[in-house]
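> If you read the protein sequences in the order shown, they are chains D, X and F. Numbering-wise (the working numbering), the first sequence opens with residue 1315 and increments by one. Numbering-wise (the working numbering), the second sequence opens with residue 9 and increments by one. Numbering-wise (the working numbering), the third sequence opens with residue 58 and increments by one.
You may find that some hints are simply not true.
[As the list claims (entries may be wrong)] What the simulated footprint calls covered on chain F by chain X, stretch by stretch (three residues with Cβ under 8 Å from a Cβ of chain X suffice, anywhere in the stretch; the number is not a length): (1) 152–158; (2) 163–170; (3) 213–226; (4) 256–269.
Bear in mind the hints are in silico, worked out from the structure with no lab data behind them. Quick caveat: nothing in here was measured; it's all calculated off a predicted structure. For glycine and all other residues, C-beta sits at the position ideal for the given N, C-alpha and C.
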Amino acid sequence: MTPRRIGTSAGMARLLDRTRRAWYRFRKNSLSVAGAVIVLLVVCLAVFAPLLAPYPSHAGTFVDFDASSQGPSLRHLFGTDAFGRDILSRVFFGFRLSLIMGVVVISLTAPVGVTLGLIAGYLKGSWVETLIMRITDIFVAVPPLVLALAVCSILTPSVFNAMMAVSLMWWPWYCRMVYGIASSIRNEFYVQAAEITGASRFHIIFKEMLPNCFGPILTKVSLDMGWVILIGSALSFVGLGAQPPTPDLGTMVADGGKYLPDQWWIAIFPAIAIMFVVFGFNLLGDGIRDMLETESL
Amino acid sequence: MRFLKYIVKRILHSILVLFGLSILVFVIARVIPGDPARMALGPRAPENVVQRFRESLHLDKPIYAQYYFWLRGALQGDLGMSLFTKRPVAADIAEFFPATFELMLFTGVVMSVFGILLGVVSARYSNRWPDNTIRVFSYLGVCTPAFVFAILFLLLFGYVLQILPTIGRISPSIPRPPTRTGLLTLDSLLAGDLRAFWDSLKHLIMPGVALALGPIAQEARITRSSMSENLQRDFVALERSQAIPERKIMSKYLLRISVIPTVSILGLDFASQLGWAFLVELIFNWPGVSRYGINVMLHKDLNAIVAVIMVIGLTFMVVNIIVDLIVSWLDPRIRLGSERGV
Amino acid sequence: MAPPLLDVSGLRVGYDVYGGTLRVLNGVNFYLEEGEKVGLVGETGCGKTTTAKAVLRILPEPPARIMGGEVTFRKASVLDMSAKEVREMHAHGVAMIFQDPTAALNPVFTIGDQLMTAIRYSSLEQKLTRKEIRERALRALGEVALPDPARILDNYPIQLSGGMRQRICIAMALAANSQLMIADEPTTSLDVTIQDQVLRLLGKLVLEKDTSTILITHSLGIVREWTARVYVMYAGTMAETAPTAELFREPLHPYTQGLMKAVPKLTGEGIAEGIEGRIPNYLDPPRGCRFHPRCPHRMDICSQELPPYFEAGPRRQVACFLYRDGN
């Protein structure tokens, strides 16, 4: 993405124009639109779950052994699990949890990671940069899932703690990406010009450098929603995230694993639901990236 | 010479990072509320016994002293006792590591070979049906976590079609070959036992492929886009204008340069699969370090948790360095840098 | 009169991109006699490189697409050739020097590998041994005045300077003893201090081997010094062609006139004027003459019809309605 000076009002007008054109490009790519539609659908299902789910009470403690372990039917599109709970409804509520986790984790990690990355990139060569990047290196020395699992296991398993654990190991990735961009644009002329005219560091970092990172950050945020949901479901799968009877897609897959292959629907439908959500966010993220990158054309 | 310096620098850097990691994990592990000594001995043990146990674990000392004791022991190979298996953690790791190593080796080979292969096919038949099919599957592959693949495979090949075994590394009816490398497949070959070889290979397929599919998809996409991009570059046009046969251009000149981004990603992909291996080993009851890791995590076995993370970190570091070596062998620009400063 | 070595007529080429098709070449005409040195001049983005690659059949297709026209080389139709015939043409007939030698050389293979492979495939029927090929390679490097050729064969492109890389490309182009050479802005990406040196070398070698050459450049100065005949190109069409001296004495096409005026003169005539406007968008090019939106002499017909090539003297043609009735 070619960095451009956005600090002025002329810059704002250009930004508006670019946004309009970018939106036009986005609309034309049917895959991105499909992704946006999927994401929108999932968000609606999640937000309005109590209204849309056929059996909203099944999301909590509910037992009806007469209706347990029934295959997919007209009454229960995804079947019921061993406790007689409607899987379709639980999947809707599962979307809720996944989305909440995604939003919370990214809201925590993105600002922190981006800020640290900008600072490290701008103050390249100083001890601050070394410190920040070494700490980042430590966090990325192990696969993200492993650290999350470890931290989760040490704390009491719960959704909240899972979110904290994932956040703890997620911020370094933002930091790294933004550091890469920041350290390369740090020597661009507009940054040097701002320095010479005596702009404060705060201004340079947040008003000059940050806008040029928006594109990759936005792309990453969109793709990350999918990844965070995956990691969250992995934690719950192992039992370190959401606890029963909270409906979480990962927990549902784990529970359903016990009933393979006869009552396959208990595990398979939540698994497909996970794929569906991640698929949507990936399409959306790719669409955003294409939209922002093909500007020069 | 320059290259040697580069490698030494990398290794030193990695060692420093591992140290930092050990501190981080150690601190996290010790920060939990609760009393590990009490948890290990149970609520009914008398207080003075628990106190003595606490002292033996240095739990009464400040945290940096605890770290010092741990580090000293670790460097001598003593990683403490596992409260879960009641054995030295080092012994546990030694027992379970080969299984994970074999699985990850299999996964690594499968994902490199097929990832690049599919990417090349995709680029060769760009926008025709092989390419489109591969792209659709690649997309789904990237979006699906390994444990979902594992469950799907378990269902399809393990239960419905019943052609692949669902548990462990080798069928209980087949005697294990004498241990030489710890890798069942290799050991069977070395002992000339083809039945054991075939059986252990069959056990590897489902967990290995489940882990490999995500990276295969990722690498196919990167290889394809790299090749497509390079196809438009001037050196390809020049090679064509020199009457070099198209097949040679694709298989030699285009391939080596296009594979570089893929190989660079291989390290990261491998790392993330090290993470997903925790779940996949659990699903297939694979007796590896990752399954051990899950168990000790669920039981809050602090020594073991720290040890497992360090082992994973070390493995990742080694893989990264190997991948870096391969990339710099492939790409002279990295090896030689700007010797002439142009 | 012998037919020309290369004859291009009505060449149309497009690129399929995200938003549609870029109609880059819109009816390109030119020819080259044996032994001639012809210049192709135009600003960046006017389609010069596309023309060269299309003629040599080395365009990346897709996304490029040849949409029409005829190209005749040694009396054979290039656009209709089979892959085998195209390879045959590449082996003995044509060679190309690219604008950026860094992009033209494969960065992960040694110079020796690339040079010797080029020699090998341009001389397959001679069945040379490895030793003979290596000798030829060393000789080729010597011809372009490169010091220590043996060491260079083992080097990678990254280890050499831009000037050296371009000399290697020249060596590769001439090693095949082709009849036709297209040099696409061979000195543009080189240091100013080296440009002249490399051009002289190229000129000398081309003279020695009597290679028919098309020299593509955006520099009027180079064209004036090195070519006998010139084509001026604008936005995928030929604006004008003439023997070099005549073109500079009396440019006819408004675009050529604008180009000449845009060159700053040392004789102190004030600041040079540019040409108003920008090159057209190839996705949606202007109807009729592609230059008409910027032309100070535009007429109604210019925005309706594409101007054909009007004769304006011996070996002179102009694609402009101003010269419709033979003025």
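> Are at least 3 residues of the segment 256–269 of chain F within less than 8 Å of chain X when you compare beta carbons?
violated (count 0)
> The segment 152–158 of chain F covered by chain X? Criterion: 3 or more residues, Cβ-Cβ distance below 8 Å.
Answer holds; 5 residues pass the 8 Å Cβ test.
> Taking a Cβ-Cβ distance under 8 Å as contact, does the segment 163–170 of chain F have three or more residues in contact with chain X?
Since 4 is at least three, the answer is holds.
> Can you take a look at whether the segment 213–226 of chain F is actually covered by chain X? Rule is 3+ residues, C-beta closer than 8 Å.
That given contact holds, which follows from 7 residues of the segment 213–226 of chain F lying within Cβ reach (below 8 Å) of chain X.
In summary, the structure is inconsistent with hint 4 from the numbered list given earlier, while agreeing with all the others.
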